[in-house]
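Protein chains: 2
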Amino acid sequence: MAGSATAPLAVAVTKAGGLGQIGSANDLQALDGHLTSAAKDLQRTSEDLLPIGVGFLLFLADVEEAMGVIGRHRPAVIWLFAAKEVGDYATWAARVRRVSPGSMVWVQVGSVKDALRVGKEAEPDVLVVQGADAGGHGLARSAGLVTVLPEVRDALVEAGLGGVMVVGSGGVTDGRGVAAALSLGADGVVMGTRFLAASETNLHPNWKAEVVSTSDGGQKTVKSMLFDELKGPSIWPEGYDGRGLANASSGDFDRGIGIDEVRKLFAEASQEKDGGFGQDGKGRAAMWAGTGVGLVKKEQTAAEIVEEVRAGAQKALEDARARL
Amino acid sequence: MAGSATAPLAVAVTKAGGLGQIGSANDLQALDGHLTSAAKDLQRTSEDLLPIGVGFLLFLADVEEAMGVIGRHRPAVIWLFAAKEVGDYATWAARVRRVSPGSMVWVQVGSVKDALRVGKEAEPDVLVVQGADAGGHGLARSAGLVTVLPEVRDALVEAGLGGVMVVGSGGVTDGRGVAAALSLGADGVVMGTRFLAASETNLHPNWKAEVVSTSDGGQKTVKSMLFDELKGPSIWPEGYDGRGLANASSGDFDRGIGIDEVRKLFAEASQEKDGGFGQDGKGRAAMWAGTGVGLVKKEQTAAEIVEEVRAGAQKALEDARARL
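Chains A and B supply the protein sequences, listed in that same order.
Position 112 of the first sequence, counting from 1, maps to 114 under the numbering used here, and the rest follow consecutively.
Position 31 of the second sequence, counting from 1, maps to 33 under the numbering used here, and the rest follow consecutively.
You can't tell identical chains apart in this list, so a pair holds if it fits in one copy or across any two.
Straight-line distance between alpha carbons at most 35 Å, and here's what the computed DSBU-like set of lysine-lysine pairs gives:
1) K299 - K275
2) K86 - K284
3) K233 - K266
4) K300 - K115
5) K115 - K233
Derived from the structure by calculation, the hints contain no laboratory data.
Quick caveat: nothing in here was measured; it's all calculated off a predicted structure.
Only chain A is shown next, with the shape it has when bound in the complex (with noise of 0.2 Å):
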């Protein structure tokens, strides 16, 4: 969530309880400013730890810069995605450690042997497990939690890595989707669809209401490398793609229209006053969102679904006991 997940949304989290998360910053003076006006909000004294996280993309993050910007804020947590090279979160982690001791290093990965390689190497605090429902970036080849959750847990703990906390994400997008989490060894989960919607959330808002407006998720989505060719050649790693809502580039595209003319349209929408987000699935530009977007009915306060959020992992928790 790059710039869409900022200080408001992450201050707002972390006061209704949860821990608020700022999403993946390229700009790091932006970073440093989101930090400064998190730590007032949250009348840190110097000495804790910022009781937020902060995500970076490997193959784009300055590590110099990077480690500068934690060095001098000490978030709680650093989430480490996306690198070119599986070994670079090892190098990662070692550095955050030096420089902000007491954050936790989390690490999202997709697979099995990713986790593995990256519990051995980094030996994060946290392995963030990826499902294939995630919206935004996330490997190409995947599956869903029901499966890749347990799966990664029993392969660490069988490697003697057991310690590593893990993580669910991908789908959970009301208290439901927590137990379920949970149910399948999760020690935690992070939301990011669910949180489009929050008031919180820097987005555009016809970016929102698609967001609030759209049922059926797993139709009305599409995981694919196209939105990150919409500009011009992707520049993510090889082995990723990204879920977005379906739109008249995706549609077009999966019609057999060349890239070349699925830019020419998305550069001459983005002119228009919407700015390429057009409404009811005609817009151009990418708008990211998981497939959990057809459970997000409404706007509301971070609080409110934090809130919600805790109450209905409770209840579907008695609810699934019942039925069992």
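Got chain A; can you put chain B on it based on the hints?
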């Protein structure tokens, strides 16, 4: 699991306290034999329903012949899937109810839209909601259980169809998956991939061995239309594909080798001693399996599986409660 889930597996699952099912039967004479054999094994008295289910692929099955077999044997469950037109489910459901009163009608769907339409028109007892992790055939555009299950459940309730039971399918491989599905709002689950390695399943031994040895299910399976194209153009209705173990055929196709060449290599491999069921990903025949294949670690009897899954579900819910 057409051809592999036959009477011995169905009987064993039912005897263990589950509800055994015979995979989609297009050879109705063979099905007649299987049902006669199952009735004998289950010491059925003539008035009772036969306590197993039978699947039908509606685009393939002859409705007249199917009704003859259903009326003669009265299986407890008739599971309908893959109609050419969504409207066909209502026709079949009504006829099943006439020829075998008391049999439950299950209809398998993969989207909220289809769930609502089938729920209204066919009035099934059960909607089998299939997620993208399933092995074998399903909707090409799909979502994992973590989102499609709760979204279908909510949509049914909102449409006044809350009385329709929902059974989760796709990725449920052990007790944790069962607990997750129940948490997501399912009344029950069906499991396919886990039973591929059951002793009673009629599967090429190499396929069974491959299921047991494969790890990282999301990486080592592919959801593709290719497997239906190996013997010639697919006979499946539009919108479906199938998930199977990644192998030499899918690898070649992904590398851009044309379908004619892939078919030729498959045809040649089929003449080999192993019938194209090569191991370690080197086979060329379709070996259907879901992403849960990485959780299947040994061959077990159906009774062992049912018992282990039941106990595991209980434990998973307790563990989840402790973590919340």
